[in-house]
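J.: Below, each chain spelled out in residue letters.
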Amino acid sequence: MTQPLASQPRPLLPPTPEFLAPLPLLAVGLMALNDAYLKPTLHGALTGKLSDLAGCFFLPLWISALLALATRLPLRRRLAAGCAATALLFTLISTSHLAAGAVCAGLEVATAPLGFSGHRIVSDPTDLLALPLVAAAWWYGRRAGAARGLA
Amino acid sequence: MRRIAVAAAQIAAIALTLPVLLATTLACKTRDFDRSYDASGDCGPAGVVAIRSRACALELSGVDWLPAGGSVHRPSIARDGFSAWGPASLTPPLHLADGTPFTPPGGGTGPFATSLDCRGTPTGISRGYIGQDPPSGFALSCASPDGPVCDAVLTQRP
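So the sequences go chain by chain: F and H.
Oh and the first sequence: position 135 is 522 in our numbering, straight run, nothing missing.
Oh and the second sequence: position 25 is 10 in our numbering, straight run, nothing missing.
A portion of the hints provided could be inaccurate.
Calculated from the model, a selection of chain F residues having no Cβ within reach of chain H, i.e. all distances over 10 angstroms [to be verified]:
#	residue
1	ARG397
2	LEU410
3	GLY442
4	LEU456
5	LEU479
6	LEU485
7	ALA486
8	LEU516
9	LEU518
10	PRO519
11	TRP526
12	LEU537
If you anchor each label on the Cβ, the simulated ranges turn out as follows [to be verified]:
#	chain 1	residue 1	chain 2	residue 2	range
13	H	ALA(-6)	F	TYR424	22 to 28 angstroms
14	H	ILE(-11)	F	ALA522	46 to 52 angstroms
15	F	LEU485	H	ILE(-11)	21 to 27 angstroms
16	H	ALA(-6)	F	HIS484	36 to 42 angstroms
17	F	LEU485	H	ALA(-10)	44 to 50 angstroms
18	H	ALA(-6)	F	LEU460	17 to 23 angstroms
19	H	ILE(-4)	F	LEU516	30 to 36 angstroms
20	H	ARG(-13)	F	ALA499	38 to 44 angstroms
21	H	ALA(-6)	F	ALA423	41 to 47 angstroms
22	F	GLU495	H	ARG(-12)	35 to 41 angstroms
Simulated from the structure, these hints should not be mistaken for lab results.
Where is the CB? At the ideal position from N, CA and C, for every residue including glycine.
Start from the sequences, fold in the hints, and give me the full structure.
T.: Okay, here's the thing in structure tokens:
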């Protein structure tokens, strides 16, 4: 009689395979690269959308990973919450100057003590082109979870 | 040891993503998207007037502008957020770079469209796009026998 589970050390933190994986981390890196280098250098329509595409993909997975650390929610629910929050937030700020302003105001309050200020979001409905990436994040997260045997 | 490494990687990846997310809303504001157009000095043979965006704000700058009325306008700076493709569209309130309200020539309540007019022979147009992500700008250079006259126009939309 074998006891495979006994040989597996229990991780210190709940596993977050949906985010701690090459593709989501690559998306984070892509956003950083785009904002820091590509946008100011190339000034193009592609660079204008690249961060939106990357963000719509990794943000649901990031939220899910945060929830994994903070709650005991199963992966499916965490992903659902991440995708819903991302889709809602992104739709609001892309279509409403008011919402974009409100988000910036909230960020100001939250990040001013850290020395960040001057947040600005340009509301642009064409950014909604990136929204399908939220669905891709759902699919990716579910797949990554299944590979690790998570529900 | 491996458990500690995995946990540290988890925390690092999650924590380091936060500044990336914050930076995407800050990049537009804190980064200087200026291009090095020749926008200084007199409107010489290769005079250039530029509309460019600096730190997410519209900046009209360049040589002295000679509007249709004939008087020389010193470079003016107006800033506002705007979101249209192509030529900038400005929606009041407009503010000068120092934060004081900016009243466009001739007044008006806007929204305003900005355009560049070049009296003389256009010698080159270099354009990006304005008001998007990131704001960019375009420059128009011109030349004429009398020296180029570049005109930046701010007109109120109907």
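J.: Run every hint past the structure and note whether it holds.
T.: Here's how the hints hold up against the structure:
{"no.": "1", "hint": "ARG397", "verdict": "8 angstroms, violated"}
{"no.": "2", "hint": "LEU410", "verdict": "13 angstroms, holds"}
{"no.": "3", "hint": "GLY442", "verdict": "7 angstroms, violated"}
{"no.": "4", "hint": "LEU456", "verdict": "7 angstroms, violated"}
{"no.": "5", "hint": "LEU479", "verdict": "14 angstroms, holds"}
{"no.": "6", "hint": "LEU485", "verdict": "13 angstroms, holds"}
{"no.": "7", "hint": "ALA486", "verdict": "13 angstroms, holds"}
{"no.": "8", "hint": "LEU516", "verdict": "13 angstroms, holds"}
{"no.": "9", "hint": "LEU518", "verdict": "16 angstroms, holds"}
{"no.": "10", "hint": "PRO519", "verdict": "19 angstroms, holds"}
{"no.": "11", "hint": "TRP526", "verdict": "20 angstroms, holds"}
{"no.": "12", "hint": "LEU537", "verdict": "14 angstroms, holds"}
{"no.": "13", "hint": "H/ALA(-6) with F/TYR424: 22 to 28 angstroms", "verdict": "25 angstroms, holds"}
{"no.": "14", "hint": "H/ILE(-11) with F/ALA522: 46 to 52 angstroms", "verdict": "35 angstroms, violated"}
{"no.": "15", "hint": "F/LEU485 with H/ILE(-11): 21 to 27 angstroms", "verdict": "46 angstroms, violated"}
{"no.": "16", "hint": "H/ALA(-6) with F/HIS484: 36 to 42 angstroms", "verdict": "39 angstroms, holds"}
{"no.": "17", "hint": "F/LEU485 with H/ALA(-10): 44 to 50 angstroms", "verdict": "45 angstroms, holds"}
{"no.": "18", "hint": "H/ALA(-6) with F/LEU460: 17 to 23 angstroms", "verdict": "22 angstroms, holds"}
{"no.": "19", "hint": "H/ILE(-4) with F/LEU516: 30 to 36 angstroms", "verdict": "33 angstroms, holds"}
{"no.": "20", "hint": "H/ARG(-13) with F/ALA499: 38 to 44 angstroms", "verdict": "39 angstroms, holds"}
{"no.": "21", "hint": "H/ALA(-6) with F/ALA423: 41 to 47 angstroms", "verdict": "23 angstroms, violated"}
{"no.": "22", "hint": "F/GLU495 with H/ARG(-12): 35 to 41 angstroms", "verdict": "39 angstroms, holds"}
When held up to the earlier numbered hints, the structure conflicts with 1, 3, 4, 14, 15, 21 and fits the remainder.
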